[in-house]
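Visitor: Please build the complete structure, drawing on both the sequences and the hints.
These protein sequence lines are chains W and B, in that order.
Residue numbering for the first sequence follows the working numbering, starting at 1 and increasing by one per position.
Residue numbering for the second sequence follows the working numbering, starting at 1 and increasing by one per position.
Treat the hints as calculated values from the structure; they're not laboratory data.
Check before you lean on any hint, since a few could be wrong.
[Stated by the list, open to error] Here are the simulated distance ranges between beta carbons:
1. W/223 x B/240: 56 to 64 Å
2. W/187 x B/188: 31 to 39 Å
3. W/125 x B/108: 50 to 58 Å
4. B/152 x W/149: 34 to 42 Å
5. W/86 x B/100: 48 to 56 Å
6. W/219 x B/88: 43 to 51 Å
[Unchecked claim] Covered stretches of chain B (chain W as the covering partner; in silico rule of three or more C-beta atoms under 8 Å from a C-beta of chain W):
7. 162-170
8. 211-225
[Unchecked claim] In silico contact screen, one side only, chain W against chain B (beta carbon under 10 Å); selected entries:
9. 94
10. 104
11. 105
12. 183
Just so you know, these numbers come straight off a predicted model, no measurement behind them.
A virtual CB, placed ideally from N, CA and C, is assigned to each residue, including glycine.
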Amino acid sequence: MPQQAATLEGHPPPIESRPADAAEAVTVRDLTVAYRDKPVLWDVDLAIPAGTLTAIIGPNGAGKTSLIKAVLGLLPLAAGSVEIFGHPYAQQRRLVAYVPQRGSVDWEFPTSALDVVTMGTYGQLGWVRRPGAEQRGRALACLDQVGMAEFAGRQISQLSGGQQQRVFLARALAQEADLYVMDEPFAGVDATTERAIVTLLQDLRARGKTVVCVHHDLESAPDYFDWLVLLNVRLIAAGPFAETFTPENLGRTYGGRLHLLGERYLAVGAR
Amino acid sequence: MSSTTAILLTGVLVASACALLGNFLILRRMAMMSDAISHAILPGLVAGYFLAHGPNLLVGFLGAAAAAAVTVFLVEALQKTRRVDGGSAMGIVFPAMFALGVVLVSKFFADVHLDTDAILYGNIEFSAFDILYLGDRELGPQSLWVMGALCALNLSFLGLFYKELKLTTFDPGLAAALGFSPLLMHYATMTVLSITTVGAFTAVGAILVVALVIVPAATAYLLTDRLAVMIGLSVAIGAVAAVAGYFVAVALDASIAGAMVTMTGVLFAAALLFSPSQGLIAKARRTRRNRARFAAEMLVVHLFTHEGSAAQAAESLVAHLSDELRWSVETARQTVARALDQGLVSQAGERLALTDDGRQTARQVLAR
Numbered sequence: 001m002p003q004q005a006a007t008l009e010g011h012p013p014p015i016e017s018r019p020a021d022a023a024e025a026v027t028v029r030d031l032t033v034a035y036r037d038k039p040v041l042w043d044v045d046l047a048i049p050a051g052t053l054t055a056i057i058g059p060n061g062a063g064k065t066s067l068i069k070a071v072l073g074l075l076p077l078a079a080g081s082v083e084i085f086g087h088p089y090a091q092q093r094r095l096v097a098y099v100p101q102r103g104s105v106d107w108e109f110p111t112s113a114l115d116v117v118t119m120g121t122y123g124q125l126g127w128v129r130r131p132g133a134e135q136r137g138r139a140l141a142c143l144d145q146v147g148m149a150e151f152a153g154r155q156i157s158q159l160s161g162g163q164q165q166r167v168f169l170a171r172a173l174a175q176e177a178d179l180y181v182m183d184e185p186f187a188g189v190d191a192t193t194e195r196a197i198v199t200l201l202q203d204l205r206a207r208g209k210t211v212v213c214v215h216h217d218l219e220s221a222p223d224y225f226d227w228l229v230l231l232n233v234r235l236i237a238a239g240p241f242a243e244t245f246t247p248e249n250l251g252r253t254y255g256g257r258l259h260l261l262g263e264r265y266l267a268v269g270a271r
Numbered sequence: 001m002s003s004t005t006a007i008l009l010t011g012v013l014v015a016s017a018c019a020l021l022g023n024f025l026i027l028r029r030m031a032m033m034s035d036a037i038s039h040a041i042l043p044g045l046v047a048g049y050f051l052a053h054g055p056n057l058l059v060g061f062l063g064a065a066a067a068a069a070v071t072v073f074l075v076e077a078l079q080k081t082r083r084v085d086g087g088s089a090m091g092i093v094f095p096a097m098f099a100l101g102v103v104l105v106s107k108f109f110a111d112v113h114l115d116t117d118a119i120l121y122g123n124i125e126f127s128a129f130d131i132l133y134l135g136d137r138e139l140g141p142q143s144l145w146v147m148g149a150l151c152a153l154n155l156s157f158l159g160l161f162y163k164e165l166k167l168t169t170f171d172p173g174l175a176a177a178l179g180f181s182p183l184l185m186h187y188a189t190m191t192v193l194s195i196t197t198v199g200a201f202t203a204v205g206a207i208l209v210v211a212l213v214i215v216p217a218a219t220a221y222l223l224t225d226r227l228a229v230m231i232g233l234s235v236a237i238g239a240v241a242a243v244a245g246y247f248v249a250v251a252l253d254a255s256i257a258g259a260m261v262t263m264t265g266v267l268f269a270a271a272l273l274f275s276p277s278q279g280l281i282a283k284a285r286r287t288r289r290n291r292a293r294f295a296a297e298m299l300v301v302h303l304f305t306h307e308g309s310a311a312q313a314a315e316s317l318v319a320h321l322s323d324e325l326r327w328s329v330e331t332a333r334q335t336v337a338r339a340l341d342q343g344l345v346s347q348a349g350e351r352l353a354l355t356d357d358g359r360q361t362a363r364q365v366l367a368r
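Guide: Below, the structure written as structure tokens:
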């Protein structure tokens, strides 16, 4: 993928408000995260360059979700530090959009698609101030970007899984961030939604944004992403996608389970 | 102010104050927390009575609020040990607190007027008689002031933090990432709930307050899929139940608080049965309609499949349908009648034939 390699070499100049002096969107140093005494992330050192479309890949229980939650300040750090564009997360909230796993919320909640997307504007509003016509207008434009404008008034439980995922993406767009952190945006979505998401992610990158996704599907990963983080409790490898997606690295990431993945992925990795 | 007006107003205010908060308890799946708090405040009330050497609104209130805070804290602490889940934690804490209150009452106040009936069932009947004074000036029934203040408190809490409550309830992860602490909102909600419970408790008692918090909101949840509408409906339902309950109680010469709470149950049952979107009747009707439509589709597909085949003559006999499609004679008759009605088939003697519309429908069904 030559055009991706080019993007990587000279990180594109910031187009909007991303701090110009920060080449790294996410910097993680000596990060250890533990649930009680059981470490789920051990001593992770990681830098994700700004302007990349990064996949975090690893087996179940590798700590992928824990890593992004730690980056977003949602989990206590047992050790280490995290910086977003060179500063602690608490100072940078407004620059970061978050797409949690679709299954993490109750879709029976009595609200509409437009209302969920409007929640993306809450961070800029701050405490107590209520969203107005401006916020709702922006939310509608974001719904439109994911091809969901006609469903704005729909109760969210009456959307398909793929449509719900697109509502979540639209909500992230409404945050107008510079870094988009997504937990398995492709999980359980239909082909139309998958294409829509890919187009959207590539569009974000073209606008100089950084996107970090937890991703499960080794087969599609080389087509979607240009930077790769391989994780299995410890950091296995990180770097430009093509250089990092090697049979050897994948073997170290998935350990004995690799043969279950089939020869196909290794072939993909080697190409 | 007449006694009737005072009781009605108190009832409407207490029901509205409770219902407002109930919406978020339902959506956070924490309905039983209000039950826990309403029982657990008893030792606090007793302590207040003890400290003030008699019934004193403010001291009793503070004692009860402190007991409520202890309850919330203990439930959370027990949950954090991860040796008991949330429901069990409440089940352990609130009876213990309530029992402590019962022991204190029987030990120290067996001979004074700290009425157990009033604690359990409230004393809304006497709303008009407990007059609040400022110096020499008569300010009207105390219960109206208390319940009015509760309503105002809950309205402003929901009004100010509507966005934060909604976000932390729907998606705590995003809320935390955006800097709206779900934990802070949880404690704020619990504080307001404690104050509401303590206030409502004096009107309707420990057992019934939970119904006023939960049932109107649960009823509203069945009637709408918009949060703002749900909140408005819950208040209306609570108020209607309070007014209707009063008149039922007067007619039957029965407990007013009991009748009010019974009416919330009646309204809930009505919503459960008759809600146009989620009611059981509407659901049964939808199921029946779908079944009928599916049967008609089976019929046209069946005729379509055999159209032009050698067996067509036999397959299109009305009598054959109940064998072939495993329908009762009655189902077959109804389905054929409906299909004729909709112009999907035509009938000549005992023989059915597809119309053009029927053929079109069969193709659409098969293409799905």
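Visitor: Now, for every hint given, state plainly whether the structure supports it.
Guide: Hint check results:
1. The beta-carbon spacing between residue 223 of chain W and residue 240 of chain B, approximately 59 Å, falls within the hinted interval of 56 to 64 Å.
2. Between residue 187 of chain W and residue 188 of chain B the beta carbon distance is about 34 Å. The supplied range of 31 to 39 Å therefore holds.
3. The given range of 50 to 58 Å is respected by residue 125 of chain W and residue 108 of chain B, whose C-beta atoms sit roughly 52 Å from each other.
4. For the pair residue 152 of chain B and residue 149 of chain W, the supplied restraint of 34 to 42 Å holds, since their beta-carbon distance comes to about 40 Å.
5. For the hinted restraint 48 to 56 Å between residue 86 of chain W and residue 100 of chain B, the CB-CB distance of approximately 55 Å keeps it satisfied.
6. A hinted range of 43 to 51 Å for the beta carbons of residue 219 of chain W and residue 88 of chain B is consistent with their spacing of about 45 Å.
7. Check on the region 162-170 of chain B: 7 of its residues sit with their Cβ under 8 Å from a Cβ of chain W, so the three-residue criterion for coverage holds.
8. Look at the region 211-225 of chain B against chain W: 3 of its residues bring a Cβ nearer than 8 Å to a Cβ of that chain, three or more, so the hint holds.
9. A least Cβ separation of about 9 Å between residue 94 of chain W and chain B falls short of the 10 Å threshold, and the interface hint therefore holds.
10. Taking 10 Å as the C-beta contact cut-off toward chain B, the hint placing residue 104 of chain W at the interface holds, the least distance being around 6 Å.
11. Annotation: interface hint on residue 105 of chain W holds; nearest CB of chain B at approximately 5 Å, less than 10 Å.
12. Below 10 Å, beta-carbon pairs count as interface contacts, and residue 183 of chain W has one with chain B at about 9 Å; its hint therefore holds.
Violated hints for the displayed structure: none, as all numbered hints are satisfied.
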